[in-house]
Structures are given as C-alpha cells and as structure tokens.
Amino acid sequence: IHITAIAEFLDEARLVELAKAADIILDCSDNYPTRQAVNRAAVATRTPLVSAAAVGFDGQIAVYRPDLPDTPCYACLFDGEQASDGACA
584 IHITAIAEFL DEARLVELAK AADIILDCSD NYPTRQAVNR AAVATRTPLV
634 SAAAVGFDGQ IAVYRPDLPD TPCYACLFDG EQASDGACA
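Sequential numbering of the sequence shown, starting at 584, is according to our numbering.
Just so you know, the hints here were simulated from the structure itself, not pulled from any lab data. All C-beta atoms in this analysis are idealised placements derived from N, C-alpha and C, irrespective of residue type, glycine included. Among the hints, erroneous ones may be present.
[To be verified] The calculated label-pair distances, taken between Cβ atoms and stated as ranges, are:
id: 1; residue 1: Asp641; residue 2: Ala604; range: 28 to 38 Å
id: 2; residue 1: Ile586; residue 2: Ala627; range: 18 to 28 Å
id: 3; residue 1: Thr617; residue 2: Ile586; range: 10 to 20 Å
id: 4; residue 1: Asp650; residue 2: Leu593; range: 18 to 28 Å
id: 5; residue 1: Asp653; residue 2: Ala590; range: 28 to 38 Å
id: 6; residue 1: Glu600; residue 2: Asp641; range: 32 to 42 Å
id: 7; residue 1: Ala645; residue 2: Leu593; range: 13 to 23 Å
id: 8; residue 1: Ala596; residue 2: Asp641; range: 31 to 41 Å
id: 9; residue 1: Phe640; residue 2: Glu595; range: 27 to 37 Å
id: 10; residue 1: Phe640; residue 2: Lys603; range: 31 to 41 Å
id: 11; residue 1: Arg629; residue 2: Asp662; range: 11 to 21 Å
Based on the sequences and whatever the hints tell you, model everything.
Here it is, written out as structure tokens:
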C-alpha cells in the first residue's frame with residue numbers, strides 16, 4: 584500500500600488532478616463543504632470514495648462507488664437537491 588498525505592489547501596481543479604492519480608480516496612475531513620468538494624472530484628474521476636467521520640464515541644463510514652453504474656454518491660445521501668450533475672441514483 585502507498586499512502587500520500589497532502590498538506591495543502593486544494594481547490595477543485597487540484598482535487599480532480601489528485602483524484603485522477605488515486606485508486607481510492609479516503610475522506611476524513613470535518614466539514615461539509617470539503618466533503619462535497621472531495622465527492623465532486625471522486626464523481627468526476629470515477630474514483631471510489633471512503634468517507635468517515637467521528638464525534639465522541641460515535642462514528643460513521645460509507646463507501647461510494649462512482650466507478651460503478653447507477654450508484655449513489657455522497658451528495659445523493661446528504662444533499663441530493665444540490666448534487667453536482669443531477670445524476671444521483
């Protein structure tokens with residue numbers, strides 16, 4: 584396994600550039616705008632996305648597969664009305 588940690592502020596174009604080079608994206612960010620931006624990059628590049636969050640002793644994890652046909656993305660689940668391309672399953 585090879586993990587690359589990125590310690591920089593990323594705009595949408597840079598997110599897409601990095602997503603193109605990834606086999607899978609791990610999102611452990613702590614805010615919705617960042618999660619939505621990472622999701623858009625994953626959908627744009629059809630890269631699987633693992634999204635995780637924790638608060639106190641509670642946590643959640645989900646895997647989104649934009650590389651497979653007719654599968655929902657993060658925006659479908661949490662913000663379906665504003666999904667980037669309107670193609671939410």
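Here's how the hints hold up against the structure:
| no. | hint | verdict |
| --- | --- | --- |
| 1 | Asp641 to Ala604: 28 to 38 Å | holds, 33 Å |
| 2 | Ile586 to Ala627: 18 to 28 Å | holds, 22 Å |
| 3 | Thr617 to Ile586: 10 to 20 Å | holds, 19 Å |
| 4 | Asp650 to Leu593: 18 to 28 Å | holds, 21 Å |
| 5 | Asp653 to Ala590: 28 to 38 Å | holds, 36 Å |
| 6 | Glu600 to Asp641: 32 to 42 Å | holds, 34 Å |
| 7 | Ala645 to Leu593: 13 to 23 Å | holds, 21 Å |
| 8 | Ala596 to Asp641: 31 to 41 Å | holds, 34 Å |
| 9 | Phe640 to Glu595: 27 to 37 Å | holds, 34 Å |
| 10 | Phe640 to Lys603: 31 to 41 Å | holds, 37 Å |
| 11 | Arg629 to Asp662: 11 to 21 Å | holds, 20 Å |
Against the hints set out earlier in the document, no violation occurs for any number.
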